[in-house]
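Colleague: The chain contents come next:
Number of protein chains: 2
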Amino acid sequence: MRTLYHQPLCPVSRKVRLVLAEKQLDVSTVEENEGERRDEFLALNPSGCVPVLVEEDGTTICGAGPIVEYLEDAYPDVALLPGTPAYRAETRRLVEWFDDKFAQEVSTALVYEKITKRSLSASYGGGAPDMAIVRTTLHNIRYHLDYICYLMESRSWLAGDALSLADFTAAAHLSCLDYVGDVPWSQYPDAKDWYVRLKSRPSFRGLLADHIPGMPPPRVYANLDF
Amino acid sequence: MRTLYHQPLCPVSRKVRLVLAEKQLDVSTVEENEGERRDEFLALNPSGCVPVLVEEDGTTICGAGPIVEYLEDAYPDVALLPGTPAYRAETRRLVEWFDDKFAQEVSTALVYEKITKRSLSASYGGGAPDMAIVRTTLHNIRYHLDYICYLMESRSWLAGDALSLADFTAAAHLSCLDYVGDVPWSQYPDAKDWYVRLKSRPSFRGLLADHIPGMPPPRVYANLDF
Numbered sequence: 001m002r003t004l005y006h007q008p009l010c011p012v013s014r015k016v017r018l019v020l021a022e023k024q025l026d027v028s029t030v031e032e033n034e035g036e037r038r039d040e041f042l043a044l045n046p047s048g049c050v051p052v053l054v055e056e057d058g059t060t061i062c063g064a065g066p067i068v069e070y071l072e073d074a075y076p077d078v079a080l081l082p083g084t085p086a087y088r089a090e091t092r093r094l095v096e097w098f099d100d101k102f103a104q105e106v107s108t109a110l111v112y113e114k115i116t117k118r119s120l121s122a123s124y125g126g127g128a129p130d131m132a133i134v135r136t137t138l139h140n141i142r143y144h145l146d147y148i149c150y151l152m153e154s155r156s157w158l159a160g161d162a163l164s165l166a167d168f169t170a171a172a173h174l175s176c177l178d179y180v181g182d183v184p185w186s187q188y189p190d191a192k193d194w195y196v197r198l199k200s201r202p203s204f205r206g207l208l209a210d211h212i213p214g215m216p217p218p219r220v221y222a223n224l225d226f
Numbered sequence: 001m002r003t004l005y006h007q008p009l010c011p012v013s014r015k016v017r018l019v020l021a022e023k024q025l026d027v028s029t030v031e032e033n034e035g036e037r038r039d040e041f042l043a044l045n046p047s048g049c050v051p052v053l054v055e056e057d058g059t060t061i062c063g064a065g066p067i068v069e070y071l072e073d074a075y076p077d078v079a080l081l082p083g084t085p086a087y088r089a090e091t092r093r094l095v096e097w098f099d100d101k102f103a104q105e106v107s108t109a110l111v112y113e114k115i116t117k118r119s120l121s122a123s124y125g126g127g128a129p130d131m132a133i134v135r136t137t138l139h140n141i142r143y144h145l146d147y148i149c150y151l152m153e154s155r156s157w158l159a160g161d162a163l164s165l166a167d168f169t170a171a172a173h174l175s176c177l178d179y180v181g182d183v184p185w186s187q188y189p190d191a192k193d194w195y196v197r198l199k200s201r202p203s204f205r206g207l208l209a210d211h212i213p214g215m216p217p218p219r220v221y222a223n224l225d226f
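Protein chains in written order, with my numbering: chain B, 1 to 226; chain D, 1 to 226.
When chains are identical, the list treats them as one kind, so a pair holds in a single copy or across two.
With a straight-line Cα cutoff of 20 Å, these simulated DMTMM-like cross-link-like pairs (lysine to aspartate or glutamate) come out:
no., residue 1, residue 2
1, K101, E34
2, K101, E36
3, K117, D210
4, K117, D130
5, K23, E72
6, K192, D182
7, K101, E113
8, K117, E34
9, K23, D57
Since the hints were made in silico from the structure, they are not lab data.
Excised from the complex, chain B in its bound form (with noise of 0.2 Å):
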């Protein structure tokens, strides 16, 4: 069976187990730790991150872009990048805008401040959460809700008509955020229409299932009535 290396609060790592479950592909996890930095992972991926994906015959993808695209090309079934090239070229701008601009301005910080900081020693950072960075990234979540909620006015999915990888690329980033509790769903109701939408696919079942050691989910987390 393919693997995949992955962690559990990594967004990309999530986005690429909604799109193999899908595509209804079977896969085995394994948790890495990139601050380990273990010789048989290096040999995996050169840049010491996840998510990496192992094909049953060897074959090694590196990074959460190539896997989706990758996905894509060798199981295009189910098809996550539908649609005309210009529905595809807007679908990948709204991967790109959370994968870089919701990962750098709100999710990444956040995750780091609240999950990632309880394993680290105080010699490499770890310790309490920084509350100045977690306030500025619970006021920055605001404008992605907002925008969310504005797509929704015209759109039945992020990138048009279509459900596509722009959704689940979205809900990885802001499934994390839910693990803390960090997500004001309330005051965005139409951003929480579409959430749970996604949140109520059986592809998702495998990330609400999730529980940190030490840390468990609030029980909103994994219900669909949230």
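Given the coordinates of chain B, assemble chain D onto it according to the supplied hints.
Modeller: Same frame as chain B, now just chain D:
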């Protein structure tokens, strides 16, 4: 004619210019200063970032990744993501390597210190380059040139036997550093040979003609015998 909004020493804008030229697609270019946050430009791309490509029919594609994938979709005659799904995945791994890792460790900081800071007022961080940062990037670039030499031991081009987007991505970043004269080519002859082959292509001519007002490139920048 289609229009590309870009910055001359933005590596990913340069990649798009190379891809357009390889595919022999005519384009008029507009230099966009992201810092101005022009309303008309924000209406094209709400992220406010270059590059943005506008087709003659108004179709607007935002971001280097979406643009090059769109150009592959819409104009496949000259394929820059050739080969099998696995070859395309290796190509995209190296694209990510240079656009993410190389950018983070070398090109973003070096272009900012040596170019961008010249055009910023002191209150926005302008002024002389921080030489500690410059030294760090010049240290880091050696690992990447080593990596190119390592790949060249067994391959004709970065991703394998076929010229691909990986080569144009890496060359776009390196060409920016070449503009400020900071690539120690002579110590990495295999990387230099690879770069000479790219620099000799007609698609490179537009880049080699670039001239930033007040900051002419070193003589070797446009010279094929450097």
